[in-house]
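Enquirer: Quick mapping for you: the protein sequence lines, in order, are chains A and B. Position one of the first sequence corresponds to residue 179 (our numbering), numbered consecutively onward. Position one of the second sequence corresponds to residue 49 (our numbering), numbered consecutively onward.
Be aware that one or more of the hints could be misleading.
[To be verified] With the C-beta cut set under 7 Å, the calculated list includes, among others, these residues of chain A facing chain B: (1) V222; (2) Q263; (3) V290.
[To be verified] The following label-pair restraints were derived from C-beta to C-beta distances: (4) A:G324 with B:D97: 44 to 52 Å; (5) A:A410 with B:T89: 48 to 56 Å; (6) A:E236 with B:A61: 39 to 47 Å; (7) B:R106 with A:R418: 57 to 65 Å; (8) A:A301 with B:D87: 22 to 30 Å; (9) A:G324 with B:D63: 37 to 45 Å; (10) A:R418 with B:G76: 30 to 38 Å; (11) B:E103 with A:P231: 57 to 65 Å.
No lab work stands behind these hints, which were simulated from the structure alone. Built from N, CA and C at the ideal position, the CB exists for glycine as well.
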Amino acid sequence: MPDDPLIIAGTELRSRLLLGSGGFHRLDRFEAALAASGAEIVTVALRRVEQAPGGLYEAIERGGARVLPNTAGCYSAREAVQTAQLAREAFETSWLKLEVIGDRHTLLPDAVELVRAARELVAAGFVVLPYTTDDPVLARRLEDAGCAAVMPLGSPIGSGLGIRNPHAIALCREAVSVPLILDAGIGTASDAALAMELGCDAVLAATAVSRARDPEAMAGALRLAVEAGRVASRAGRIPRLHHAQASTEDAGIPDLADAERP
Amino acid sequence: MRVIVNGREHDLATDATVRDAVAAAGAGDEERGVAVALDGTVVRRADWDGTRLHEAARLEVLRATAGG
Numbered sequence: 179m180p181d182d183p184l185i186i187a188g189t190e191l192r193s194r195l196l197l198g199s200g201g202f203h204r205l206d207r208f209e210a211a212l213a214a215s216g217a218e219i220v221t222v223a224l225r226r227v228e229q230a231p232g233g234l235y236e237a238i239e240r241g242g243a244r245v246l247p248n249t250a251g252c253y254s255a256r257e258a259v260q261t262a263q264l265a266r267e268a269f270e271t272s273w274l275k276l277e278v279i280g281d282r283h284t285l286l287p288d289a290v291e292l293v294r295a296a297r298e299l300v301a302a303g304f305v306v307l308p309y310t311t312d313d314p315v316l317a318r319r320l321e322d323a324g325c326a327a328v329m330p331l332g333s334p335i336g337s338g339l340g341i342r343n344p345h346a347i348a349l350c351r352e353a354v355s356v357p358l359i360l361d362a363g364i365g366t367a368s369d370a371a372l373a374m375e376l377g378c379d380a381v382l383a384a385t386a387v388s389r390a391r392d393p394e395a396m397a398g399a400l401r402l403a404v405e406a407g408r409v410a411s412r413a414g415r416i417p418r419l420h421h422a423q424a425s426t427e428d429a430g431i432p433d434l435a436d437a438e439r440p
Numbered sequence: 049m050r051v052i053v054n055g056r057e058h059d060l061a062t063d064a065t066v067r068d069a070v071a072a073a074g075a076g077d078e079e080r081g082v083a084v085a086l087d088g089t090v091v092r093r094a095d096w097d098g099t100r101l102h103e104a105a106r107l108e109v110l111r112a113t114a115g116g
């Protein structure tokens, strides 16, 4: 949809699917999935070189996408800010997926630390895309802090549970004017389509692709689902009715066999 | 001089710089996508040669990995 770009911090993007590289263990599989996804943004993490086989950064560039470093594994604003500074130096980008986790079992964000880190990073010149809960008030706080987008979760990271509270995502949509990107919880294509139908501007998927039996095929499916959901969202769904409403008019119906119509 | 690189002790020359620590960690000399923190503070790539290490310096040498 070249006439319907996604604009984040003044940057025009054709794809509304962001790909997370999390969960990929083979570079060739990742590259195939990236190509099939059409994604122009790929998240990466920073880890000690011994734990990080090289080549991912180059693979993302070869695929024509830009790197979106994250602060995965950070549990405080201070730690997240330090990681962000390292990421900016490593990848020569000020864009950042900000994650400040509050609990290692649920991996839910720590809202207080998240807003604190967002303010600090925006002041330091970062383009901040925060991973957050599906809370419209917090979404507005993050927009007020200067975030370039807001990324509410559909369900816990890696759970594949889809969008547990569609109403909350719709409320987040109403709450902010910056791009809303559904992050975390996507399990399959229908989840991504639903996110777009609820008014999200984009979807970020990692595990849904990397742990699918066929990551390349799932990446292609999510691409189609995001496009379909976007078009459907703009087309306007019909209202939900309690009873059936015949699409064929009764007027002019022939009188046959004395049929009753209860 | 003993320094800690990514949690492991290394014995480096007394005039060692951040670039030497990057090599000790196993990252390529010209490898892109690598970042270094010396005692918790980012050292810009342009300063790797000019930044001397000190006894018991703590370094983190990082690169991109799958995540998020």
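Enquirer: Each of the hints needs a verdict: does it hold here or not?
Expert: Tested hints:
1. V222: With a closest approach of 4 Å, the V222 of chain A hint holds.
2. Q263: 5 Å, holds
3. V290: It is violated, given that the least Cβ distance between V290 of chain A and chain B is near 21 Å, above 7 Å.
4. A:G324 with B:D97: 44 to 52 Å: Taking Cβ atoms as reference, G324 of chain A and D97 of chain B lie about 36 Å apart, which means the hint is violated.
5. A:A410 with B:T89: 48 to 56 Å: 49 Å, holds
6. A:E236 with B:A61: 39 to 47 Å: 31 Å, violated
7. B:R106 with A:R418: 57 to 65 Å: Holds, since R106 of chain B and R418 of chain A (Cβ atoms, about 60 Å apart) stay within the stated range.
8. A:A301 with B:D87: 22 to 30 Å: 24 Å, holds
9. A:G324 with B:D63: 37 to 45 Å: For G324 of chain A and D63 of chain B the Cβ distance comes to about 44 Å; the hint holds.
10. A:R418 with B:G76: 30 to 38 Å: Since R418 of chain A and G76 of chain B have Cβ atoms about 58 Å apart, the given range 30 to 38 Å is violated.
11. B:E103 with A:P231: 57 to 65 Å: 32 Å, violated
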